[in-house]
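Chemist: So the protein sequences, as listed, match chains A and B.
Per my numbering, the first sequence runs over residues 1 to 286.
Per my numbering, the second sequence runs over residues 1 to 218.
Hints in this document: simulated from the structure, not taken from any laboratory.
Quick reminder that beta carbons are idealized off the backbone N, C-alpha and C, glycines included.
Certain hints may be false.
Stated by the list, open to error - Covered stretches of chain B, as calculated for chain A (at least 3 residues, CB under 8 Å): (1) 69-83; (2) 87-99; (3) 116-126.
Claimed, not checked - No farther apart than 25 Å at their CA atoms in a straight line, the calculated lysine-lysine pairs in the DSS-like style are these: (4) B:K84 / B:K55; (5) B:K54 / A:K217; (6) B:K181 / B:K213; (7) A:K219 / B:K55; (8) B:K215 / B:K181; (9) B:K215 / B:K84; (10) B:K204 / B:K107; (11) B:K84 / A:K217; (12) A:K214 / B:K54; (13) B:K204 / B:K215; (14) B:K54 / A:K219; (15) B:K160 / B:K107; (16) B:K107 / B:K215; (17) A:K111 / A:K217; (18) B:K84 / B:K204.
Claimed, not checked - A short, non-exhaustive set of chain A residues, derived as facing chain B with CB atoms under 10 Å: (19) Q47; (20) L54; (21) S57; (22) Q63; (23) E75; (24) T77; (25) L82; (26) G84; (27) H86; (28) I154; (29) W225; (30) V229; (31) D232; (32) L246; (33) L248; (34) L252.
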Amino acid sequence: MDRLLNWLDRRTGYRRIIEYALYENIPGGARWRYIWGSTLVFCLSVQFITGLFLWMSYSPSSQTAWESVYYIQNEMTCGWLLRGIHHFTASVMNVLLVLHLMQVVIDGAYKAPREINFWFGLGLLLLVLALSLTGYLLPWDQKGYWATKVATNIMAIAPVVGPALQRLVIGGADYGHHTLTRFFALHAGVLPACVVALLVWHIFLFRRHGITAKDPKRKPDEYFWPDQVLNDAVACLAVLAAVLFLVLRPWLFHTGEDLGAELAAPADPSETYSAARPEWYFLCWA
Amino acid sequence: MGLRPDVPDDSSLLLKQFFYLSVILNAGPAGQYSLTDMETHDVPQQPARRNFIKKTCAVFVGAVTGLVPAISGLIVFLDPLRRKSQDGDAVLVASLSSLPADGVPRKFSVIASHTDAWNRMPHVPVGAVYLRRIGDEQVQAFNVICPHAGCFVDYDLSNKSYHCPCHNSSFALDGRIADPKSPSPRGLDELDVDLRNGNEIWVKFQNFRAGDKEKIPA
Ligand code: FES
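Only chain B is shown next, with the shape it has when bound in the complex (with noise of 0.2 Å):
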């Protein structure tokens, strides 16, 4: 409460508009209403402090009710923030011998088990990866996820980058931002790749959070 300066301390506000609203619970009625045509009575006054005591009570007890539902709610609503980001797994995504000798990337989606709240799924999508060959025994796998807001960058063969359409983030061959315009700010997210039994590519796919200047897995 009150932790920026240039806005009134709201802790204080919120006093204020109890005060108010308790002059009107503790005035009586001001005038003969009635909404409909209902008659009106004229009522005894009763003692000023047994009433002062009720009226704190009546609204003590009405509070405590009333919230104890509201925040079991509220607890469960929050449940997700308390939820750590699972660490990916390495999956097995292409063979060696299906990429292209020269270094050209190629897009391979990746399927792996994938819990989605209460679902656990075997080999569903989970997302894909740009792979390619570095070295005779040697690849590079990158997240094909935009590091700016999430799109899906495209290759742009011509070129010889990736490009993401959104808002034209552009990215050299080894993932770095190519063009310094580029609003993302970071380069593409490169993945751990592990070769297995010679032709095997193994991924550690992972997601990042995107709009950071460093990588942090989401």
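Same shape as in the complex, but just chain A (with noise of 0.2 Å):
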């Protein structure tokens, strides 16, 4: 065994990135504020993993999207737990893009020579605002359909370009098949791979420049394995804590909703729908 490991490391040199990435040195030891950047790792993560299963049921059309959904929510063993983690995990992330961007503020993270890693950090903000947004409409039930309406004419108002811009996203004059279709390619294919492409070069600018220690030191330095990953961890079943309990509320509170993510009526040009809002953190930003 020993003599394949070397084998795979002579070749890979897979011990020294594992090294690499264990034995980073944390200035004063670990704290509990730093673990956001963590927890946001981890949410991407599990987003990219129930979203691939999602995927894997969804189908991007008019005829069938709600339908599907429907399907994964109400016919699959434990669809609602795939869909609601899913759900409930973008909105537990933006909490915690504003807790991170907080940390950076208040730390003076963002100043020289961290600037550009900042700018980076800004940037994914706005990915996950646009995932959201994307993964909002394509249930195609009410709540998404009107939403994203909205959301769409409003760009519309744009001088000059505005009025392009809205038909080139929606894939036309009308809502259909082809908004799906873009919105979906969007949200599982360009923003995730957005996404990953800034976050190796904000992870990367971020190991360049270590970690904006907090002083006063109180502990001698350490190396980020095993206490700050302890600390990380810890964070991130939290957060998974919390997510799981928005996920099981109805349930624990009796209120007689669906378990999950809502899933509105399927949506129709043609019946009202009063709260034709975008999602809560939505209305923060605005």
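Bring the two chains, given one by one in their own frames, into a single complex with the hints.
Modeler: Laid out in structure tokens, this is it:
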């Protein structure tokens, strides 16, 4: 076994990569205030995993999108759980983004030499918001349909390019198949690829400059592993617990709602929908 | 685990890998590694025992957190395994008067309502059958799908037999295998026929598992 690992190491250098990942210096030792970035990476991984599995049962067209989401939610074993985790992790992620940003501002981590990484972070923030916006339409229910209609109409108000931009985004003059295929390609392809690319740079630059240590240092320096890893893991567990709590809330409090994420009535251009609101986290940014 | 005697027990292999990973995780950095030009520091060693507990906790908590979303996805992924195949309903396929009296088979489409996962469609083609008279008031029906690997079987008028173009299975008029070199494990799948109101041919349409000696509903 040892020989096999040596063989592998000589060809891949994996030991060095593991060491590089684990033995990062943390000036002043592990602290709870350093967890926010890790929780966001965790949320993103959860979204990638659950998103891939949802993808396997989702059919983006105006004839089938709502039906397939209904099928996931009500017919498939644990489908409500999977969809609920994906939906509420998105919500929780928006909260964590704000906390991460506040942390950066409070500790002055945006200052030289870390400005460029700060911009990368802002880019990631926008990408995550775009992911939320595009994902909201995919179930093709009244809620997502009307909210996205409002959002894209606001976009059309933009001077000069507005109307053309709107047409490109919704794939024509009307909402339909082409809107869904475009939003789905953005949500599951383009935006995640951009997130991964930016995140790699974000983490690379973060490692290059090191953590922005909070003075005064309370302890001697430590490595990332194991103390900070343990802090981060516990924080991620707390995030997961919060998500599961939100998913199971109707069951815990007997509210009579569906478990997991809500699925409104199928999109219907002839039916009014009083609450054409975007998801709550857009309200705070707007 | 270790079900096949010729394969080394992979549970112990897994354990070994775990052990070696833990060796790496428990050792400190072997040298001053820097993939970029980062500064490196000397970090004071911590008491080994406290460290060990922390490491175990970190791995355990991390594993639990990561597994929950992955497992919920996996359960949903495996959902098709527990779905039962639907029993075919009787479908009106043709009228008796449209079949030639001499017993030559004719092909008919089967149009029925069909549930395709999340969509239910009325009146769509769900398959096809060969129908032939075997008496004044009797009709025989075969599914057109080849029991070998699922190709569409043709009727060969000149040889008075069914022939599958994919791997040359041939079947006699009564559906049995005609040429013993045919790769098909069984004859054509006969379907239940019901004559109603004197002239209506109703067929209980069903597909069966390909490649099996027995006729098992798919
Ligand atoms: S599929 Fe018919 S012979 Fe192979």
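Chemist: Confirm or reject each hint.
Modeler: Status of each hint after checking the structure:
1. 69-83: With 11 residues in contact (Cβ-Cβ under 8 Å with chain A), the coverage given for the stretch 69-83 of chain B holds.
2. 87-99: violated (count 0)
3. 116-126: Holds: 3 residues of the stretch 116-126 of chain B have a Cβ under 8 Å from chain A.
4. B:K84 / B:K55: Given that 25 Å is the threshold and the Cα spacing comes to 46 Å, the pair is violated.
5. B:K54 / A:K217: 21 Å, holds
6. B:K181 / B:K213: 15 Å, holds
7. A:K219 / B:K55: 19 Å, holds
8. B:K215 / B:K181: Within the cut-off at roughly 20 Å; holds.
9. B:K215 / B:K84: 16 Å, holds
10. B:K204 / B:K107: 16 Å, holds
11. B:K84 / A:K217: Outside the cut-off at roughly 63 Å; violated.
12. A:K214 / B:K54: Holds - the C-alpha atoms of B:K54 and A:K214 are around 23 Å apart, at most 25 Å.
13. B:K204 / B:K215: 15 Å, holds
14. B:K54 / A:K219: 17 Å, holds
15. B:K160 / B:K107: 14 Å, holds
16. B:K107 / B:K215: Holds, at about 21 Å.
17. A:K111 / A:K217: Holds, because 20 Å separates the two Cα atoms, which is no more than 25 Å.
18. B:K84 / B:K204: Distance ~18 Å between B:K84 and B:K204 Cα, so the pair holds.
19. Q47: 9 Å, holds
20. L54: With a closest approach of 8 Å, the A:L54 hint holds.
21. S57: With a closest approach of 7 Å, the A:S57 hint holds.
22. Q63: 8 Å, holds
23. E75: Holds. Min distance 8 Å.
24. T77: Holds - the Cβ of A:T77 comes within 10 Å of chain B, reaching about 5 Å at its closest.
25. L82: 5 Å, holds
26. G84: 9 Å, holds
27. H86: 9 Å, holds
28. I154: 32 Å, violated
29. W225: 7 Å, holds
30. V229: 5 Å, holds
31. D232: At about 8 Å, which falls below the 10 Å cut-off, the nearest Cβ of chain B leaves the hint on A:D232 intact, so it holds.
32. L246: 14 Å, violated
33. L248: Nearest chain B Cβ about 12 Å off; hint violated.
34. L252: 17 Å, violated
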